[in-house]
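There are 2 protein chains.
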Amino acid sequence: MPAVTYELIHRDRHTGARAGILHTPHGDILTPVFMPVGTQATVKAMSSPELKEIGAQIILGNTYHLFLRPGAETIRKAGGLHRFMSWDRPILTDSGGFQVFSFADRKNIDERGVTFKSHVDGSDKFLGPEESIGVQTALGSDIMMAFDECVPYGADYEYTAQSMERTIRWLDRSMSAQTREDQSLFGIVQGGFYEDLRKRSLEETTARDLDGYAIGGISVGEPHEEFLRILRLTTPLLPENKPRYNMGIGTPDYLFESVEAGIDMCDCVLPTRVARNGQALTHHGKMNLRNARFREDFTALDPECDCPTCTHYTRAYLRHLISVSEILGARLLTLHNLYFLIHMMQEMREAILRDEFLEYKETFLERYFGIASEKN
Amino acid sequence: MPAVTYELIHRDRHTGARAGILHTPHGDILTPVFMPVGTQATVKAMSSPELKEIGAQIILGNTYHLFLRPGAETIRKAGGLHRFMSWDRPILTDSGGFQVFSFADRKNIDERGVTFKSHVDGSDKFLGPEESIGVQTALGSDIMMAFDECVPYGADYEYTAQSMERTIRWLDRSMSAQTREDQSLFGIVQGGFYEDLRKRSLEETTARDLDGYAIGGISVGEPHEEFLRILRLTTPLLPENKPRYNMGIGTPDYLFESVEAGIDMCDCVLPTRVARNGQALTHHGKMNLRNARFREDFTALDPECDCPTCTHYTRAYLRHLISVSEILGARLLTLHNLYFLIHMMQEMREAILRDEFLEYKETFLERYFGIASEKN
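Line by line, the protein sequences are chains A and B.
Take 91 as the starting number for the first sequence in our numbering and just add one per residue.
Take 91 as the starting number for the second sequence in our numbering and just add one per residue.
Keep in mind that the hints were calculated from the coordinates and are not lab data.
On a predicted model such as this, the values are computed, not experimentally measured, just so you know.
Cβ coordinates follow ideal geometry from the N, Cα and C atoms, glycine included.
Among the hints, erroneous ones may be present.
[Claimed, not checked] Sample of chain B residues with no beta-carbon within 10 Å of chain A, all distances over it, derived:
(1) His113
(2) Ser138
(3) Phe174
[What the hints assert, rightly or not] Straight-line C-alpha distance at most 20 Å; calculated SDA-like pairs for lysine to any residue:
(4) B:Lys142 to A:Thr401
(5) A:Lys142 to A:Ala162
(6) B:Lys134 to A:His402
(7) B:Lys167 to A:Glu386
(8) A:Lys142 to B:Ser415
(9) A:Lys142 to B:Lys134
(10) A:Lys197 to A:Ala245
(11) B:Lys289 to B:Ser213
(12) B:Lys197 to B:Phe216
(13) A:Lys134 to A:Thr389
(14) B:Lys134 to A:Thr164
(15) A:Lys289 to A:Glu255
(16) A:Lys167 to B:His402
[As the list claims (entries may be wrong)] Going by beta-carbon spacing under 10 Å, a handful of chain A positions derived as facing chain B:
(17) His155
(18) Gly169
(19) His374
(20) His410
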């Protein structure tokens with residue numbers, strides 16, 4: 091019995107969108123689901139009770155960051171990441187690859203893995219499939235991700251092909267390194283923006299008996315059409331009886347497109363990162379609270395939102411907090427932005443169950459990108 | 091009927107300590123009480139519901155900071171400080187004097203008030219009794235403080251005497267500037283560390299019919315004995331039927347001494363400020379979470395504390411958060427430090443009601459300054 095299993099509840103009659111339940115060792119997750127990112131054993135500015143209060147069902151942990159600080163061994167001794175950070179719902183950990191490649195010269199990638207310099211102290215570090223799974227095993231996440239290379243947008247065909255083939259070999263080594271029965275391993279489809287490479291990666295990855303499958307490297311600064319092309323090519327070919335995860339997706343339009351194509355899980359730092367910079371996601375588009383026009387705007391941040399921030403505080407107050415760099419400003423906007431995306435995904439699920447996904451999508455995005463919004 | 095009245099419940103049989111109730115337009119406050127400081131319309135890193143959860147009965151707002159940003163007029167339009175920051179319990183505002191004098195050359199003080207440069211944009215600003223009360227009126231605090239000069243430790247006799255006399259004249263102007271019946275005004279006893287000046291200030295201040303009296307300028311970097319000398323000289327001479335407030339007191343030993351002398355209210359930025367720097371106040375003294383010895387210490391921050399931080403998190407986790415500068419680290423330590431002092435004051439009150447104040451004080455301070463603590 092796999093640690094994590096997917097139960098299909100309903101498929102939308104008009105699109106590929108589906109509503110399901112992900113059963114995990116730390117409880118069930120209603121899908122589609124947005125997963126907040128808890129990079130350093132904390133979703134930035136949030137507490138665990140707050141995350142529960144706004145409906146977060148699962149959060150991410152970043153293997154790269156936790157590998158460097160406080161170190162896998164410390165978290166293992168603490169009883170795993172759930173206990174260390176006091177979060178008793180499911181956790182998904184990435185493989186560390188994505189961050190490693192940001193800090194490594196790609197010349198330092200070889201068959202074994204990647205040598206890189208720690209961004210903390212500049213010391214030499216190494217991460218390969220065995221090391222990544224070793225760290226994730228110590229963290230004790232419900233879902234581990236296989237070690238992969240995510241190639242940047244614009245990578246040439248030859249590099250992308252070689253990298254994709256190596257990612258498949260790394261997948262086999264990731265699978266061999268898995269030791270715990272209470273953890274599931276997901277494979278990641280790569281192949282850049284080349285259709286034949288994506289198909290080859292997909293065939294090889296899904297030929298392995300894994301508990302779930304992810305699509306990596308399709309939201310890496312590409313034009314919107316390129317994202318859609320690879321998303322729509324890949325998603326329908328993933329097994330129907332397994333969860334499907336589109337990595338690094340956090341804007342409303344990309345989330346709608348992902349779910350429409352048949353994706354169950356998405357994550358992104360976007361809602362938390364932009365919050366700390368004073369930006370709110372609202373039903374009428376993005377809102378920059380640093381803007382002087384909110385100085386004496388005593389309406390709720392987003393009058394259509396039921397989150398604690400919108401229930402208790404005005405735009406003028408939030409603008410004040412952001413202007414004077416108060417921690418509470420980052421907190422209240424982070425709380426709202428996460429609630430906004432989590433709630434949007436819940437409403438997508440309800441629309442799927444009613445076979446009205448497209449209507450919900452159109453209504454939502456029309457308002458989000460309407461003339462009153464600040465597109466950026 | 092004054093906006094704020096004091097009801098004496100019980101006087102400790104062996105000391106000057108007293109338990110009472112402060113009745114205010116925003117509810118009752120059980121005294122003695124510790125008041126968290128919410129400088130810029132937020133107690134740093136805390137939300138209003140959290141402050142209630144840990145038992146905060148009243149918070150401070152800083153007139154100087156709010157005068158500069160977002161400005162008194164903005165808060166007046168918002169419906170006052172309570173509504174602006176979504177805090178429905180009592181608020182006390184200081185006069186702004188203390189901060190102004192930190193930024194002003196004392197040559198810029200004259201009979202009218204103080205000219206100073208804004209720390210925000212360097213522009214010239216002016217604050218005198220009428221301006222201070224004007225701002226506090228717009229903020230709508232339950233308790234306003236009269237505009238005063240707090241002289242630094244070491245100020246000579248002549249300067250201190252002149253300043254004290256001017257503070258009395260400013261008190262009369264502060265009283266004349268008061269317009270709202272739902273706000274109380276407290277006067278402040280000054281006079282540095284000169285007993286005759288303190289007595290003169292006390293006689294003049296208490297000769298005015300005010301709703302409460304504060305002692306200012308006795309915790310300004312002086313030796314401990316000097317603090318005690320002026321505290322013990324001044325407090326017993328304050329009217330018994332009015333609340334007594336010792337300004338800027340936040341270390342456990344100074345809080346115990348203040349309450350023992352007969353003080354009802356204290357405030358300080360210490361618990362919130364040191365928290366953001368990684369320091370916790372515990373039953374066994376101060377604890378610096380940056381210390382490497384907490385790396386794999388999986389015990390609660392303070393095993394004898396019932397606050398949410400100590401209930402859910404370990405020293406190792408808090409050390410990790412502080413080490414990597416996560417906002418949650420500042421939040422959790424702030425929450426604990428405030429709970430620690432608020433709870434300590436509640437226990438002082440209970441001890442007073444049992445006539446056991448001295449026993450509680452001795453037990454507490456013996457552990458706090460015990461051999462296991464890091465005195466600093």
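Checklist entry - Quick one, is the A:Gly169 hint okay against chain B at 10 Å, beta carbons? => result This interface hint holds because 8 Å falls under the 10 Å limit.
Checklist entry - Does B:Lys134 lie within 20 Å of A:Lys142 when you go C-alpha to C-alpha? => result Not satisfied, since the Cα-Cα distance of roughly 23 Å exceeds 20 Å.
Checklist entry - When you check the alpha-carbon spacing of A:Lys289 and A:Glu255, does it fall within 20 Å? => result The hint holds at about 12 Å.
Checklist entry - Are the Cα positions of B:Lys134 and A:Thr164 separated by 20 Å at most? => result 30 Å, violated
Next on the checklist: Minimum C-beta separation from B:Phe174 to chain A exceeding 10 Å: can you confirm that?
Outcome noted: Check fails; 6 Å does not lie beyond 10 Å.
Checklist entry - Is B:Lys134 close enough to A:His402, meaning Cα to Cα at most 20 Å? => result 18 Å, holds
Checklist entry - Can the hint on A:His374 be confirmed by a CB-to-CB distance to chain B that is less than 10 Å? => result Violated. Min distance 22 Å.
Checklist entry - Taken at face value, is the distance from the CA of A:Ala245 to the CA of A:Lys197 at most 20 Å? => result Holds, at about 14 Å.
Checklist entry - Should the hint that A:His410 touches chain B count as held when the rule is a Cβ pair under 10 Å? => result Because about 5 Å separates A:His410 from the closest Cβ in chain B, which is inside the 10 Å limit, the hint holds.
Checklist entry - Going straight from one Cα to the other, do A:Lys134 and A:Thr389 come out at no more than 20 Å? => result 26 Å, violated
Checklist entry - Taken at face value, is the distance from the CA of B:His402 to the CA of A:Lys167 at most 20 Å? => result Holds. A:Lys167 to B:His402 sits at ~17 Å (cutoff 20 Å).
Checklist entry - Looking at B:Ser138 again, its CB stays over 10 Å from all of chain A? => result 7 Å, violated
Against the hints set out earlier in the document, violations occur for numbers 2, 3, 5, 8, 9, 11, 13, 14, 19.
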